[in-house]
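Enquirer: Chains as they are written, first to last, in the working numbering: chain H, 542 to 767; chain A, 542 to 767.
Since the hints were derived computationally from the structure, they do not count as laboratory data. Quick reminder that beta carbons are idealized off the backbone N, C-alpha and C, glycines included. You may find that some hints are simply not true.
Unchecked claim - Over the 10 Å line for every Cβ pair with chain H, so calculated as not near, a few chain A residues: (1) Leu594; (2) Arg649; (3) Asp723; (4) Ile737; (5) Ala752.
As the list claims (entries may be wrong) - Below, a list of computed lysine-lysine pairs in the DSS-like style, where the Cα atoms sit at most 27 Å apart: (6) H:Lys724 with H:Lys690; (7) H:Lys546 with A:Lys546; (8) A:Lys724 with A:Lys690; (9) H:Lys729 with H:Lys690; (10) A:Lys690 with A:Lys729; (11) A:Lys690 with H:Lys690.
What the hints assert, rightly or not - Looking from chain H toward chain A, a few residues come up when the C-beta cut is under 7 Å (computed): (12) Tyr550; (13) Ser551; (14) His554; (15) Pro555; (16) Ile596; (17) Asp597; (18) Gly626; (19) Val628; (20) Arg630; (21) Asp631; (22) Val639; (23) Ala651; (24) Val652; (25) Gln653.
Protein chains: 2
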Amino acid sequence: MSAPKPHCYSHPHPAVTTDIAVFTLREDALQLLLIRRGNPPFAGTWALPGGFLDIDEDLDACAARELAEETGVQDVYLEQLYTFGTVGRDPRERVVSVAYFALAPAERLAVQAGDDAADAAWFRLDALPALAFDHADIIATAHRRLLAKLDYSTIAFQLLPETFTLGELQQVYETLLDAELDKRNFRKWALALAQIEATGEVRRRGSHRPARLYRLTDRERVTYLR
Amino acid sequence: MSAPKPHCYSHPHPAVTTDIAVFTLREDALQLLLIRRGNPPFAGTWALPGGFLDIDEDLDACAARELAEETGVQDVYLEQLYTFGTVGRDPRERVVSVAYFALAPAERLAVQAGDDAADAAWFRLDALPALAFDHADIIATAHRRLLAKLDYSTIAFQLLPETFTLGELQQVYETLLDAELDKRNFRKWALALAQIEATGEVRRRGSHRPARLYRLTDRERVTYLR
DNA sequence: TGCGCTGGTGTACCCGGTACACTATGTTTC
DNA sequence: GAAACATAGTGTACCGGGTACACCAGCGCA
Chain H
542 MSAPKPHCYS HPHPAVTTDI AVFTLREDAL QLLLIRRGNP PFAGTWALPG GFLDIDEDLD
602 ACAARELAEE TGVQDVYLEQ LYTFGTVGRD PRERVVSVAY FALAPAERLA VQAGDDAADA
662 AWFRLDALPA LAFDHADIIA TAHRRLLAKL DYSTIAFQLL PETFTLGELQ QVYETLLDAE
722 LDKRNFRKWA LALAQIEATG EVRRRGSHRP ARLYRLTDRE RVTYLR
Chain A
542 MSAPKPHCYS HPHPAVTTDI AVFTLREDAL QLLLIRRGNP PFAGTWALPG GFLDIDEDLD
602 ACAARELAEE TGVQDVYLEQ LYTFGTVGRD PRERVVSVAY FALAPAERLA VQAGDDAADA
662 AWFRLDALPA LAFDHADIIA TAHRRLLAKL DYSTIAFQLL PETFTLGELQ QVYETLLDAE
722 LDKRNFRKWA LALAQIEATG EVRRRGSHRP ARLYRLTDRE RVTYLR
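Please take these sequences and the hints and turn them into a complete structure.
Expert: This is the structure in structure tokens:
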């Protein structure tokens, strides 16, 4: 590796990073993907995956790349969340972080630590470890956004695999809202959305009546309700 | 002024700016504050007010400062919008811009060009001039956000002075939504919000019955409905 | 065959949103 | 001072979406 040559500017530039809050549902709980930092600052502390923006890379691409490099996670629903830039949020230098949040069904997520990450693991949102930087703030903001979007978008479908049963869909909402929902009302609502259609297949699992499978009509799109 | 000394980093850093989309209501129309750029690139072209983040300055402070420096506008409702960072959006160097949007009653806005701005002026949103950089995208995003927030927040009150009549409030909504609203239904809705209270004063203006004045109960706060 | 488990279905009520028209009270004019 | 004018201010009926609520269906297994 050649010696790094310095990059100079007439006025000081902050560093720009992206950080990604990836949510999934595992073990009937909302969980978040964290990495254990391998390098200072906060070496050994859990943190959101993320890292420095390449100079010729778009923000969205940076988020996707850092997520893949550090955790092995790819092809998830990724959406810009908010930009955190408080002076002093990184002890090394001025860092402005463009935060993203991501959703994916647990099935699609083959997590493996890579790169700067000493480890990568899932944590229940209600049992997070101590976090590096201002990542607790970022996570709180991401969680708030996720809950708000439940109301007026089909974002929750991103937590399910391609085909799913109405029971599974209801479980997603119940877990996210931390509330029990009436089965009949939920099914009426879900079918009235006109966002899902029966595949014609059924899933038999366990000693009971098989469940019809559904898929999104508008594949892989988050649409806005009302 | 001493010769600028260079600031050097081991890897290239993008520049970070803020850009601010300030909306107000003037002449019964939604208007946007633009400056005419005094320097290249895009010298002479209209653009959003904004500029480079100081290295020891928070993002919100940067937005407020740049707005005041370039247009004289202060003490407005300011909210982070979205971060635009596409490669090539600025021909000089890589620039990541944290966009804000702002709202204020026309009365409070004494606009005067300053600094890098050759001129500052209001434009109707439906008659914008050609714009520098990707500022047309930023404005479209800001406008979308503003309309979306009408539904579920009291953000529109930021376009009114401290006291106002229900007729004025209705005009705000009618202008923003570009639709006529039923007076009785609107008043029922507005009063049921429990966000405003009568001051006890009236305003007499024109040859007709005077209108009761109202103010926000929760002074200067944007609250979320539902 | 009967028990356990999840899948699947309909009806009544309530409340918020909407459609809709007239009276009240001030100023101006003749 | 009477009439014209302009905006302020008010109530009721209907509709639709959201909510509460209980039973039968079909599969596996003991």
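Enquirer: If any of the earlier hints don't hold here, list their numbers in rising order.
Expert: 1, 20, 21, 23, 24, 25
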